[in-house]
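K.L.:
These are the residues of each chain, in order.
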Amino acid sequence: MIVEIGHFALVLALVLAVAQATLPLIGAQRGIRPWMALAKPAAIGQFCFLALSFAALVHAFVVSDFSVAVVYMHSHSATPLIYKIAAAWGQHEGSLLLWVVILAFFGALVAIFGDNLPPRLKARTLSVQAMIGVAFILFTLFTSNPFARLSPAPFEGEELNPLLQDPGLAFHPPMLYIGYVGFSMAFSFAVAALIEGKVDAAWARWVRPWTLLSWTCLTGGIALGARWAYYELGWGGWWFWDPVENASFMPWLMGTALLHSAIVVEKRDALKAWTLLLSILTFGFSLLGTFLVRSGVITSVHAFAQDPARGVFILGILVLALGGALALFAWRAPTLKAGGMFAPVSRESALMLNNLLIGTLTFTVLLGTLLPLLFDVMDSGDVSVGPPYYKWTFIPISLPLIALAAIGPLLGWKRGNIRQAMRSLWGAGALAAAGFVIALWIDWGREMLAGFGIALGLWLLIGTLVEWAERVRLFRAPPLESWRRIRHLPRAAYGMSLAHAGLAIAIIGITASSAWKMEEIRQMRPGESMTIGSFSYRLESVSGVRGPNYIAEQAHFAVSKDGVPYTDLYPERRQYMVQPMPTTEAAIESHIFGDLYAVIGEGDGKGAWTVRIYEEPLVPWIWTGSILMVLGGIVSISDRRYRVGAPNRQPAALPAKA
Amino acid sequence: MKRKTLRLYLLVISLALLGIATALVLNAFNRELVFFFSPSDIAAERPAAGRMIRLGGLVEVDSLSKLEDGATVSFRVTDLSSSLDVAFRGVLPDLFREGQGVVVQGAFNESGRFVATEVLAKHDENYLPPEVAKALKASGRWQEGAATMGTDGSEP
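Chains as they are written, first to last, in the working numbering: chain B, 1 to 658; chain Z, 1 to 156.
Just chain Z, same shape as in the assembly (with noise of 0.2 Å):
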């Protein structure tokens, strides 16, 4: 066994690691890739039923109820243009609040509601997601110092 030999075999290995590993990624990328939707961009181009997508705005004030079953919760996700219901079944986050910001995961069921998977917890009284801080300036609502940009100070 030469050294080159060794060389060669090693470089094969690499690229074709390499290969796979790309295809994987893209191929995740375009299965996987959750984009990020204001209430608006909803409004103008709805995605497709069952993709997975993550939309951001204000829950809108009185507009979050209970459903019957008591564990179900129904709310609407405004940029202050347009709202949009969600649907969600699950315990909302500890800081869920009407008027305040928020991002949901989820996706459109076949009958075109949005159920979400996911609502995100925020972990600070003052932090508004910053996608959430861009859709309200991209929907010309934003008013400087409404609510306060930054993450938390929190664990490392």
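In isolation and in its complexed conformation, chain B is listed as follows (with noise of 0.2 Å):
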């Protein structure tokens, strides 16, 4: 019955959405006031009914009703309450669902905050944010219907894949969709912007918190994804440059390109034309990745089942979504006024280079992601493109980017000073070189990449840092003087710091992982010991242990540094009673400069197993530094002059100083 009713909520939903798309956007153009004021409680009501469907999907997990065909394939009454919970969205209809559920969440919250926007720009917006709703409900009822009945319903279910079994991932997807559907919001806020004809600093204000949102939920749900990767798939590596993973890398970078544009439009007015495109975009590449996901287009340890009705659907939403929303631009966007002028050295311009690499990266990434899917189409052979393609071609163009972001934020609005800004950056210059000195020198005549990739996040690091120093006088003013400063720094300027340290961060964890991993295969047994780096590895014993719902064989290192005790790692290779697949669970035990990292693979039966184990440098890092940047997100989200309600203290068009 429970089932019924989320069916049936998903159709009200959709009468709702269906409303929600035409009414108001029709009231906006003919100024009929009822009509426009009817997208807030559609926008609501769209979301409760999507949610109400949603947790009766959530409802037959949990009571494990297997007469759903999703709740037969993918769960097991066995299975651990939070898995039967996250299995909801483990699987394609689910997830689909908690897409549309996203989607509507959105625009409810701009229906129910967005009472200072202007009334058009408002009903405008919700009926675009809508028509996407109406899209995607539509595929998910005709393609992917996840209250589909199976009659008789079976006894016991399949059980959610094992190696999504796992606390990290079960919040992987939530949060990841919250960060590429949300860009949605970007889109919708653009498109409504290029019907109405304007674009100016409060346009810019009412999207960023928006696409600020979705960023820092998506920067989470990526790096959630990486670490999962990394001590889940047993292979020492957290990045694969898989066409899943670039499906939600590529919205990462537009949308980080689109945080950067809209402060230029917030602020001084200019990019306004290109702020739009890029707002288009950014949700286009959020579409991709949908596409790319459940077409069944690529394969991918992360693809769904493969259905080409579904691929057909979704890629007539991407044409149409992109089509029409380009067509608009093409034909709104030269009317629209220009903005202020500046000079070739500038913030402004500093910003707009930014955006230019950005999009050069995701271009570069692009082509890398479907040109397998090309070769395929024209039958020209089976090709596969993998991380070196990545090492050639990405990280050449991200290194100037890179340099580039310690730079721009010292240089002023409208006219910078170039001078000025390396000189305040002499400091940083100095413990770059100094950095690129070491990093060669350990790794001698093997790597130049991973020299230019310490200096120039040492160079970042410290370029952040000189910045913040400079903002608030450090050392420069009287003491008390820079602390009051420290105070009224806006928070936006300490959401900039801390991502920017926060990238720096990542991208000295990321260099040294990638450059001086260290591996080591050997076959042991109980009493052996092998050496690695500075640690020396001891197999105790190997014993079986029992879980809810597996069996494992669970070994025992005793590690020792110098003949020191150091630490216990206990590796497990799972086999779970219902899918017979073993999975691997790494032992990882971190400390501040790398991971110990150990795996146990099959035995030989005659009381010999074989072991990984690597030594991973600065890994922990790349968390760290994730974890600044979704933290600089939601200090930036916090900024006063964002906060929703919150009166316009100052004039939008005048250039803050910040």
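Derived from the structure by calculation, the hints contain no laboratory data. Every residue gets a Cβ at the ideal spot worked out from N, C-alpha and C, and that includes glycine. Among the clues, some could well be false.
Derived BS3-like pairs (lysine-lysine); straight-line CA-CA distance at most 27 Å [claimed, not checked]:
#1 B:K414 <-> Z:K4
#2 B:K517 <-> B:K391
#3 Z:K66 <-> B:K606
#4 B:K198 <-> Z:K4
Here chain Z is said to cover these stretches of chain B; the calculated rule only asks that three of the stretch's residues, wherever they fall, bring their Cβ under 8 Å from a Cβ of chain Z [claimed, not checked]:
#5 338 to 347
#6 350 to 358
#7 379 to 387
#8 520 to 526
#9 592 to 605
Using the hints, put the two standalone chains together into the complex.
P.N.:
Spelled out as structure tokens, the structure:
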């Protein structure tokens, strides 16, 4: 019964979405106020019905109602509760419903908190958001109904893929979706602004918090996914340039560009058309990602089951949304009033260059992701594109971007002084050079790129600190004055510093872990030991252990450093009961400068096991950096400038000094 | 500074970036693109030593053996018309089985032996990599229903 209510709620949400997609739009065009006002209750109602629908699905999973097809295929009565719930979005149908719920969630947020928006803009934005909603609810109902029943109902389910039974991964999809579905808000705002024919600083201020929220969640979601791959797959790697990883990474890149260009619109009223275009493209990449993951055109560890009908449907949505928005852009953008001017050396130019570089990066990732498809379509053989491709395209182009990230914030708006900026950065430059030399010395003759990575990471880290110090006039003004400045610096400024510092730390971690990872594979018997790096691993024993829905072989390694016991590691090799697939649980021990990482493989039946030990330098820095970036996003959102409902203290077009 | 000059700068920088990116991409494709081969393809034309390729097929039954160092394994990959010896130092994926589909990435070394650097993991019992299915079909040994196609339903 509850399942049918969920299904029915989904249909009701569709009806509301159709109303929301049409009436307010017509109302805004014709100036009919009551029709425009309809957008708010419709958006909230649509979200409520979708939430109800999703709750019904989660309920079916919690009570293990195997008469529901997706529950039967992805859950089992012995699965721990948290994974029963996570299974609700651990498969195509349920995760698509979550996708739609989040889409409506953003619409409802704008409806509730957007009272200070001009009524026309609000009505149009919510209408566009509802159009996307209509398309995806139809997609859910027609190709991927999560409420489909089985008759007769099986007694027991097939269980969630054991690889996905992991606390980090349980929350990875929702965060990821809040991220890339959230970019729909920027898209809707952009399309509404194009219909309106007006973009100003106020527009940017309304769009930016939503973009920030999405970006923050997407950053967190990607980091969680990478961390999951790191400890669950047992290959010692955390990023594989897998097409599905790229599918979430491309919207992240474009979203990052959008965040930066929206600042220029807000502060300087320039780059308006460009920012609109970016808003459209960012969500376009989200849709492309959805297409890649759900159509089965690419093979990947992540991809959902193949079904051509789904692929065609999403491709249709993609073409319609992107084509429509871009056509609108081509038609309306030239009518936008040109914005403020700036000199070639200025903060605006730096942000523009940032956008161009990020755009180029996205282009290389896009080519790498789609090329195997193109080859397949043209029937010229099967190819795959691996990490080396990205090493020779993505990395070289990202280096100037990182260098620029330290310089840009030191340049003034409108006209900057590059000499002065460089003078402030001499310390950062010196340290970067030192880092470069040390990195080359560690790795003589093997890898030049590692030197650049470390050097630029240090450059950005110190550069960010320097920029903060300049703002508060640290050591230049009396301490009390500096303290006053420290307290009064806008939160957005702290957000930037945190995010840039986080990026710098992550880059150092990424570089070190890709360049200096050590790996040792050997067959070991209990009592034997091996040394890798400065640590010695002794296999003490291998024993059988039992979990709630699996049995496992657990190894015990005693790790010592210079003969002194350091820690114990317990990697496992699990065999789940329902799905006959073994999974690897790596044992990881982190310290500031890296991770010890041990994996146990198959035994040979004669008392020996294959074991893999990795020395993973600076991997914890990647996670630390990601956390700082997420924090930066959160701090930035909390800036009073964006606080919803806060009165605008400063006139919109006045360039703020911040 | 006129608006036109600014646009000109912008255009020049964009074109330069696009040019550099294209050059890097083409260069990377030339060097790093990994082509897929079936054992029959290799029997027909052997790729140059050192060139990274992917090889796919079924793991030949009773061909898996461990070399004396205990960590290097050797097995044969077959498309049922020809087969090829593969050496791999490392831990095989959890779902590696004789008689089942596999994709390995690696290169021929100077002495003509195929050394795999990576044996791609499957994530599902019933999964047969599409390239392998294609190769089997090409060799005329494909039986419908012998192995089901389809990727697993895992993470979004």
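K.L.:
Indicate, hint by hint, whether the structure satisfies it.
P.N.:
Okay, the hints, checked on the actual structure:
| no. | hint | verdict |
| --- | --- | --- |
| 1 | B:K414 <-> Z:K4 | 16 Å, holds |
| 2 | B:K517 <-> B:K391 | 16 Å, holds |
| 3 | Z:K66 <-> B:K606 | 13 Å, holds |
| 4 | B:K198 <-> Z:K4 | 22 Å, holds |
| 5 | 338 to 347 | holds (count 5) |
| 6 | 350 to 358 | holds (count 4) |
| 7 | 379 to 387 | holds (count 6) |
| 8 | 520 to 526 | holds (count 3) |
| 9 | 592 to 605 | holds (count 4) |
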